[in-house]
Amino acid sequence: MPAEVNKGVAPSSKPKFWNDPDKRALLFQVLMILTVLGFFAYIISNALYNLEKRGITTGFAFLEQSAGFEILLTLLPYDATYSFGRTFLVGLLNTLLVSSLGVILATILGFVMGIARLSQNWLVNKVAAAYIEIFRNIPLLLQILFWYVAVLQPLPLPRASIEIGSAFLNNRGLYLPWPVLESGFSLVMIALAVAICAVVWLLRWNHKRQDATGQRFPVFWTSLALLMGLPLLTFLLAGSPMSWDEPLLKGFNFQGGATIIPELMALLIALSVYTGTFIAEIVRSGILAVSHGQTEAASALGLSKAKTLRLIVVPQAMRVIIPPLTSQYLNLIKNSSLATAIGYPDLVSVFMGTTLNQTGQAIEIIFMTMAVYLSINLIVSLLMNLYNKRVSLVER
Amino acid sequence: MNKITSLTVASAVAIGLATGAQAASTLESVKSKGFVQCGVSTGLPGFSNPDEKGNWQGMDVDICRAVAAATLGDASKVKYIPLTAKERFTALQSGEIDLLSRNTTWTQTRDTTLGLNFAGVSYYDGQGFMVSKNLGIKNALELDGAAVCIQSGTTTELNLSDYFREHKMSFSPVVFDTSDQTVRGFETGRCDMLTSDQSQLYALRIKLSDPSSAIVLPEVISKEPLGPVVRQGDDQWFNIVKWSLNAMINAEELGLTSANIDKMKMASNPNIARFVGLDGPKGSGMDLNDDWAYQIVKQVGNYGEAFERNVGAGSPLNIARGVNALWNKGGFMYAPPMR
Amino acid sequence: MIINDHKLPDLPPPNSASGVIGWLRVNLFSTPFYSVLTLVVGYLLWATLIPAFQWVFIDSDWVGDSRDACSSGGACWVFISVRLEQFIYGFYPEAEYWRVNILFAMLALLVGALIYEATPNRGWIAAFSLSVFPLIAFFLLYGGSFGLAVVETHKWGGLSLTLVLALVGIVASLPIGIFLALGRRSEMTVVRSFCTVFIEMWRGVPLITILFMASVMLPLFVPEEIDFDKLLRALIGITLFQSAYMAEVIRGGLQAIPKGQYEAADALGLSYWKKMGLIVLPQALKIMIPGIVNTFIALFKDTSLVLIIGLFDLLAIVQAALSDPKWLGYSIEGYAFVAFVFWIFCFSMSRYSQHLERKLHTGQGAR
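Residue numbers (the numbering used here), protein chains in the order written: chain A, 1 to 396; chain B, 1001 to 1339; chain C, 2001 to 2367.
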């Protein structure tokens, strides 16, 4: 860096102002700040002028007004008498719902396909390759529309539903029986919490013991038994405090039970199938990135195949997998905004769509929507960087 | 308060950059561009719909054409900008279009808080319901629990929830962006009924593969006066649009049609003489040519002609004039005199 | 004691390890688990692919001009063939199709010349494609000079619009991306933070909100007399979005250049711009090409989002055709067609980028 060199040498004659990199940099940065400020001032003044001239009211007062429209899917109590602020929350939660389900499904699909891609079974390998190459190269929006318009809409009407056990599938969605919790069920939840605590303690204890004595305890099976057995036992002892609410065809639609609307289904399938292809490639290259020497060294140490995989390959592969995996998750969350194309009531559709149209507050609403996505992004990136710092190799 | 401060600061900093924004009037900009930018729907038979060759047709389109005929003397000088219900107001506010003629309901909120002006009523409508015939429903009150297809960002969305709440019924809304998707949803059975303005229901029904499989219920649950919309703050342009519409209605009352206006012009009726600009206020008040109203009728036709051609007996929609007949024939259509 | 001086002849491998059976044993039935897997997957493929193949090829209708021609019960490709011109050219006036065709031909020629490695002066051709060609394309498509009739942008549509969006997005975002990437690696705090914030902001929000912002809010931010075309607004949104992604690709390329190169340039006394322009960027750009192609693929797929703001790209125009009452019920054909077109483009590009990556790897390994 020339700047530092200059300091050390102490030039005999004072250099010209524009030849001093430090001063030049300072001038350049000041100019840049002024330009950016000027630019913002320019567009803000334009916007204010335009808004005022066109008589558009500004501000966030509209969030208090009552919305007056219904929403198809709400996780919060909501009806038309609630405010526009509430529609924002409802939309946000719907976005989070489809994103989190999508992340889970895409991860499962991606890992299965990524491992299948490395399989020695020729057929499985090729099927996985075909899946990746086909779905990765087709626009997501097209896939969403395809699932919705070409697959789910032609399903039979409610009266001719497809029966799957006590669940029903028709073009209004998938109707599932849903557990209704009765008074004693809180005991089961307490038992579950106790089991989780016990498992955490068990893991730490086992770790310490192994460090001290080298002996291992069959943690996996014990934990599983604890997690499954304790709540189940409580459930039975409390007299099975739960019943099923089954969907029944009443009037136009099925009533009761839980409904997965076709908009959610289409979006979920498309998002996980599309993102799954990228995750599969990430998983594959992550596993391939672990050098052969590592597995050879592990077997030289006498580790079993399963232990090699669990203790040597996976931790190293995860280091390669996690950063791109996180960015795929971010992409999935952002892509969930395509919901608006098929009318799934996510943030963009409910808030940037209907609310914007009913209130006309374009600037406020678009900024709020962008801020939400930015914050989700920042939070996830922050977590990713923390994790990355923890696992990354310390080099020279 | 805060706004004013930031405005002052902003303008102080931007003083070197901001060119003094001198707005040309809409009429001037239309004349210099040589066409009227008119916001229409993305496809609604009878109101604004492109035919197979891409030519726009419909009631709303005829209003765009009338404004072009009045301002530029040529009804074909229109650039149609198809807009979804969501986009329409921002497109007008932002100046992308000069005139919004897109089956838009006149409401207090829209008129007073969005910076818009409604230039009159071109069609008196009301919200209705369309259901599949084989449901055997005769009355909207039997619709408790139904799934309803609606187009997003419309007043129908609000009316519907009011109506169901008032009658203590429930429904699940299935909201789509475009009317095409709404019809598809109805056709495939995603919803039991489709709600929209009655005129649109007829228009949408002919988009079904079997139009006779659906019926429009008799209930009308709201008032939906539809009309052209302009930006606030340009009174001259507001007047031009308002009087273009009035001229069409007056022409029908005077018996002037595109076919007979050349002949009728010669008659000695003083009303007609004022209409065609041989006498009376002419066009100077709006900076238009004196024969502006003549051009509208000659090139576009009167209100009745537009109605019959686009939505009435001469169209597949086959809607009766009803309340949209002239005031002296039992309807609401009443235009102030041109004198 | 027997000593055999003769080398025994090589025996062929046992039957079970060679030939078809051997291949099957190794690749499909190596363990019981794999055998079951093979059978299950094989059955599923059989059950889905055969009917799909029949639907697409055997039972399908290819010729005709109305839906009456579709009577075989399979796919109705007539729906596509009847409207193919609209799907490619949008609402572009029929008499002017030749202008679009010339562009397609030029594009194909340039891409061919750039991909073929023995083409002389590839650098100049690349420079031409990035600077002069877009101008030619604009004048050809829009017209208004050289005696060509003006074709308003709202008449553009279909595949040609998709290509316009994607190509403009990539060409315009490249220089912006370079500056952003350099800025993000700059030693000047202010410059670095501005660039970082800019990049992360655009990367943090969905393209659809950006498109919506560009189509709704942009006109509020500029003085009234400036009038943006709807297409231009979408292009601005896409370019800003794309340049943030491009900047990250370029930053990756810059980081891959060994520090010694920077230091050597400094030691020679080169100025910042000379160092970047003559030493670092030429090396970096070369290794960035696969990354650029990959972002281009992503952009190409993302152009379909303009459907939501009402531009008629390939997907949107097919979607609109699907609701024609005369052609109801052929949505699978329509979507399959669009998917096929996108797939061809994206798949070949991704193959090309993989090929380049492999080449780069071997190149570096040999050094």
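Hints may contain errors.
Claimed, not checked - Subject to a maximum C-alpha distance of 30 Å in a straight line, what follows is the list of computed DSS-like cross-link-like pairs (lysine-lysine):
id, chain 1, residue 1, chain 2, residue 2
1, C, K2275, A, K23
2, A, K250, B, K1133
3, C, K2274, B, K1133
4, B, K1079, A, K53
5, B, K1033, C, K2275
Stated by the list, open to error - Chain C residues, not near chain B, derived (Cβ > 10 Å throughout):
id, residue
6, V2040
7, V2041
8, A2052
9, H2154
10, W2202
11, V2216
12, M2217
13, L2220
14, K2230
15, L2235
16, G2329
Source of the hints: derived by calculation from the structure; they are not laboratory data.
Cβ coordinates follow ideal geometry from the N, Cα and C atoms, glycine included.
Here is what the structure says about each hint:
1. C:K2275 / A:K23: 20 Å, holds
2. A:K250 / B:K1133: Status holds; Cα separation ~19 Å.
3. C:K2274 / B:K1133: 77 Å, violated
4. B:K1079 / A:K53: OK: K1079 of chain B and K53 of chain A at ~25 Å, within 30 Å.
5. B:K1033 / C:K2275: Violated, at about 49 Å.
6. V2040: Given that every Cβ of chain B is farther than 10 Å from that of V2040 of chain C, nearest at about 33 Å, it holds.
7. V2041: Non-interface label stands for V2041 of chain C: nearest chain B Cβ at 33 Å, farther than 10 Å.
8. A2052: 22 Å, holds
9. H2154: Answer for H2154 of chain C: violated, closest chain B Cβ roughly 7 Å.
10. W2202: 22 Å, holds
11. V2216: The claim is violated: V2216 of chain C sits with its nearest Cβ about 4 Å from chain B, within 10 Å.
12. M2217: Check fails; 8 Å does not lie beyond 10 Å.
13. L2220: Violated, since 6 Å does not exceed 10 Å.
14. K2230: 7 Å, violated
15. L2235: Holds: least Cβ distance 15 Å, greater than 10 Å.
16. G2329: Check fails; 7 Å does not lie beyond 10 Å.
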